[in-house]
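S.K.: Using the sequences and the hints given, assemble the complete structure.
Number of protein chains: 2
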Amino acid sequence: MLIPDSHADILDKQAFASVATIGPNGEPQNNPVWFGWDGSRIRFSQTTTRQKYRNTRTDRRVSLSILDPDDPYRYLEIRGVVVDVEDDGDLAFINSMASKYLGLDQYPWHQPADERIVIVVQPTHTTTMG
Amino acid sequence: MLIPDSHADILDKQAFASVATIGPNGEPQNNPVWFGWDGSRIRFSQTTTRQKYRNTRTDRRVSLSILDPDDPYRYLEIRGVVVDVEDDGDLAFINSMASKYLGLDQYPWHQPADERIVIVVQPTHTTTMG
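One line per chain: the protein sequences are H and B, in this order.
Position one of the first sequence corresponds to residue 2 (the numbering used here), numbered consecutively onward.
Position one of the second sequence corresponds to residue 2 (the numbering used here), numbered consecutively onward.
There's no promise every hint is true.
Copies of the same chain are indistinguishable here, so a pair counts whether it falls within one copy or spans any two.
[As the list claims (entries may be wrong)] No more than 30 Å apart at the CA atoms, straight line, and that leaves these computed lysine-lysine pairs for DSS-like:
id: 1; residue 1: Lys53; residue 2: Lys101
id: 2; residue 1: Lys14; residue 2: Lys53
id: 3; residue 1: Lys101; residue 2: Lys14
Keep in mind the hints are simulated off the structure, nothing from the lab.
Since this is a predicted model, take the numbers as computed values, not measurements.
M.R.: This is the structure in structure tokens:
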């Protein structure tokens with residue numbers, strides 16, 4: 002397993018991942034997302050109009066910086082590549098994120114015009130502290 | 002002022018910044034740091050052996066993702082460039098970070114062999130949420 006056992010628990014917490022992507026001019030971009038973990042891949046939701054999504058269409062490499070919400074001196078960095086983009090037209094994934102992070106059955110901020118997709122990341126390398 | 006007034010307060014809190022840099026093969030790297038803010042520039046400490054420091058010698062562009070520790074649905078992304086690297090041989094800067102984050106006069110984990118420097122980032126662009 003690529004994710005060290007010592008830090009895998011962080012992935013099941015209500016932790017945020019700051020996701021770094023490569024922008025149109027090769028510059029880093031970075032902002033926080035909710036994420037899911039199925040034991041082998043990281044998933045996070047996007048709408049198709051978001052810059053982060055467009056970035057991953059050009060360069061599939063991403064890096065997630067994830068702090069333990071219970072101890073900020075413990076963290077896990079996961080580098081990886083976007084291996085799939087899944088449709089979320091029925092909102093199943095974003096609703097599962099609302100359940101994980103908000104304890105709600107449905108994502109409360111969905112806009113009818115939003116075209117939701119799921120970015121699927123295959124981890125390739127990790128670094129840890131704490 | 003480049004930093005929006007609406008989110009500038011986050012910079013004075015005990016918030017962590019996930020710093021994305023560009024690695025040797027153009028890939029994003031990303032991990033959390035303590036940081037200081039003087040009203041115009043972001044500073045964070047590194048030792049000269051760290052990959053993040055080496056990355057910024059090759060590509061000066063960085064992006065900091067900073068969540069409000071009191072409200073994770075408020076965040077500030079600061080993109081910028083490394084404009085200076087300052088010597089911290091007397092540990093003045095790392096000790097000021099220990100004061101901000103730990104309430105201590107001295108950084109407790111200094112190793113005699115560590116060559117400490119300060120990465121100075123000039124913000125060029127911000128994005129916010131919340």
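S.K.: Evaluate lysine 101 and lysine 14 at a C-alpha cut-off of 30 Å and name the case that applies: within, between, both or neither.
M.R.: both (8 Å within a copy, 27 Å between copies)
S.K.: State whether the alpha carbon distance between lysine 14 and lysine 53 is at most 30 Å within one copy, between copies, both, or neither.
M.R.: both (23 Å within a copy, 27 Å between copies)
S.K.: Measure nothing new, just compare the shortest in-copy and cross-copy C-alpha distances for lysine 53 and lysine 101 to 30 Å and report within, between, both or neither.
M.R.: within (22 Å within a copy, 32 Å between copies)
Against the hints set out earlier in the document, no violation occurs for any number.
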